[in-house]
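Novice: Sequence order for the protein chains is B and X.
Heads up: the first sequence begins at 568 in my numbering, then just goes up one per residue.
Heads up: the second sequence begins at 0 in my numbering, then just goes up one per residue.
These aren't lab readings, by the way, just hints derived from the structure by calculation.
Quantities reported herein were computed from a predicted structural model and do not represent experimental measurements.
Be aware that a few hints might be false.
If the Cβ cut is set under 8 Å, some of the chain B residues that face chain X in the computed set are [to be verified]: (1) TYR587; (2) THR636; (3) TRP637; (4) VAL690; (5) GLY696; (6) GLN703; (7) TYR706; (8) LYS746.
No farther apart than 25 Å at their CA atoms in a straight line, the calculated lysine-lysine pairs in the BS3-like style are these [said to hold, decoys possible]: (9) B/LYS631 with X/LYS114; (10) X/LYS114 with X/LYS24; (11) X/LYS54 with B/LYS746; (12) X/LYS54 with X/LYS114.
Glycine residues also receive a C-beta, built at the ideal position from the N, C-alpha and C atoms.
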Amino acid sequence: MELFSLGIRSIFIDNMIFAYFLGMCSFLAVSKKVSTAVGLGAAVVFVLGVTVPFNWILNEFVLKEGALTWVSASMATIDLSFLRFIMFIAIIAGIVQLVEMVVEKFSPALYGQLGIFLPLIAVNCAILGGGLFMAQRDYTLSESAVYGFGSGLGFMLAIVLLAAIRERLKYSQVPNGLKGLGITMLLTGLMGIAFMSFMGINL
Amino acid sequence: MSTETLEKEVVVKPTEPIFSKRRKKLVTDPLVDDNPVTVQVLGICSALAVTTQMKPTLVMAISVIFVMALSNFVISLMRNTIPARVRIIVQLAVVATLVTLVSEVLKAFAYDMYKELSVFIGLIITNCIVMGRLEAFAMGNKPYDSMLDGLGSALGYSWIILTVAFFRELWGSGAVFGIPVFDYVSSLFGPDFKLATNGLMVTPVGAFIILGLIVWVQRTKTGYVEY
Chain B
568 MELFSLGIRS
578 IFIDNMIFAY
588 FLGMCSFLAV
598 SKKVSTAVGL
608 GAAVVFVLGV
618 TVPFNWILNE
628 FVLKEGALTW
638 VSASMATIDL
648 SFLRFIMFIA
658 IIAGIVQLVE
668 MVVEKFSPAL
678 YGQLGIFLPL
688 IAVNCAILGG
698 GLFMAQRDYT
708 LSESAVYGFG
718 SGLGFMLAIV
728 LLAAIRERLK
738 YSQVPNGLKG
748 LGITMLLTGL
758 MGIAFMSFMG
768 INL
Chain X
0 MSTETLEKEV
10 VVKPTEPIFS
20 KRRKKLVTDP
30 LVDDNPVTVQ
40 VLGICSALAV
50 TTQMKPTLVM
60 AISVIFVMAL
70 SNFVISLMRN
80 TIPARVRIIV
90 QLAVVATLVT
100 LVSEVLKAFA
110 YDMYKELSVF
120 IGLIITNCIV
130 MGRLEAFAMG
140 NKPYDSMLDG
150 LGSALGYSWI
160 ILTVAFFREL
170 WGSGAVFGIP
180 VFDYVSSLFG
190 PDFKLATNGL
200 MVTPVGAFII
210 LGLIVWVQRT
220 KTGYVEY
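Sequences and hints are given; from them, build the entire structure.
Specialist: In structure tokens form, the structure reads like this:
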């Protein structure tokens, strides 16, 4: 039950976009059409769902203070947490590469659809952010899996909603200076207000 | 991607002065006309979250300036030896090392700030401006030019986030750099007068709206239109 509420919380309340601004670059760049937004969203859900638990394992057994005790008792005082950034990003880049190869091999159709998005995900702040939040909040393995998956879903929800609005926006008259980024930021702000109403829910 | 496109170098005369016109342009262009945030739409990710107050924003800006200038310099030094296939990993490794350096320095000398910025210092690694400039400029230009380019882009980014932070802190908490401006102004008008703050500005929503408005003003001035 606790896992369930964590999942709901990471989708709606701690939404990657509306609460933490993570993954904004791709959120703004790839939200012009619903179909591509769904593709990127699905890729993010998958990569976050895989990398967060992976990073948890790395953090728990290699990086944390005293994590190397399982190798030998004399290593209990070693604290490698300063290597967290570089190790996390290496894991993420590696897994993204792996996912890309697997998808290319087994589902060329999906690979063609995701196209350039897959390699770009390695530098999506939401992925690294998910890993760092997981480490900061001391989640367990199952919690981190749910958290990764849930925040991926939250990102997907946000980007698909925005893409749908922007598709409609094409037919409206926006002042010249506000076209593109400006109106999108204002829209995101308004959507953020809507998402704030989830904050009152006690889970 | 072929390596030929990456190695197209800007022709530089051997006797070019250190602050030639072209080099000055490298620094000043990204400030307004080619601003990384408002025109190129890069690096919005990690920036907005820290802009509730001026102080952490300033620290963030300085960190980004340091990381960008140095990473552009280092990558540019190595540009001819990096194989094209693994360049993203190499770039990430260089940036991650620099960011780790920043984070350790903050941890040692400004622990409160380190706690406040938490994961957002780490997220400089995935800041699109850093990777974007490395790919677009440092991979094909000389080290000193690349450093100037990094500096310019980072400064362009910095003034935008500082402006956002200024308005958010002023309207959200009635202060600038922690100095309670609103309280002081209200006291000038007698005891019953009070300037109200808007709680919405402290939330992420405020940042989106302020940035949207800044983009509007800036693009109206430069005449840039996105289609």
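Novice: All hints, please: hold or fail.
Specialist: Status of each hint after checking the structure:
1. TYR587: Result: holds, 6 Å to nearest chain X Cβ.
2. THR636: B/THR636 check fails; min Cβ-Cβ to chain X is 24 Å, beyond 8 Å.
3. TRP637: violated, 25 Å
4. VAL690: Status holds, d = 5 Å.
5. GLY696: Holds - the Cβ of B/GLY696 comes within 8 Å of chain X, reaching about 6 Å at its closest.
6. GLN703: holds, 6 Å
7. TYR706: violated, 14 Å
8. LYS746: holds, 5 Å
9. B/LYS631 with X/LYS114: holds, 18 Å
10. X/LYS114 with X/LYS24: violated, 37 Å
11. X/LYS54 with B/LYS746: violated, 32 Å
12. X/LYS54 with X/LYS114: Holds. X/LYS54 to X/LYS114 sits at ~13 Å (cutoff 25 Å).
Of the numbered hints given earlier, the model fails hints 2, 3, 7, 10 and 11; all others are met.
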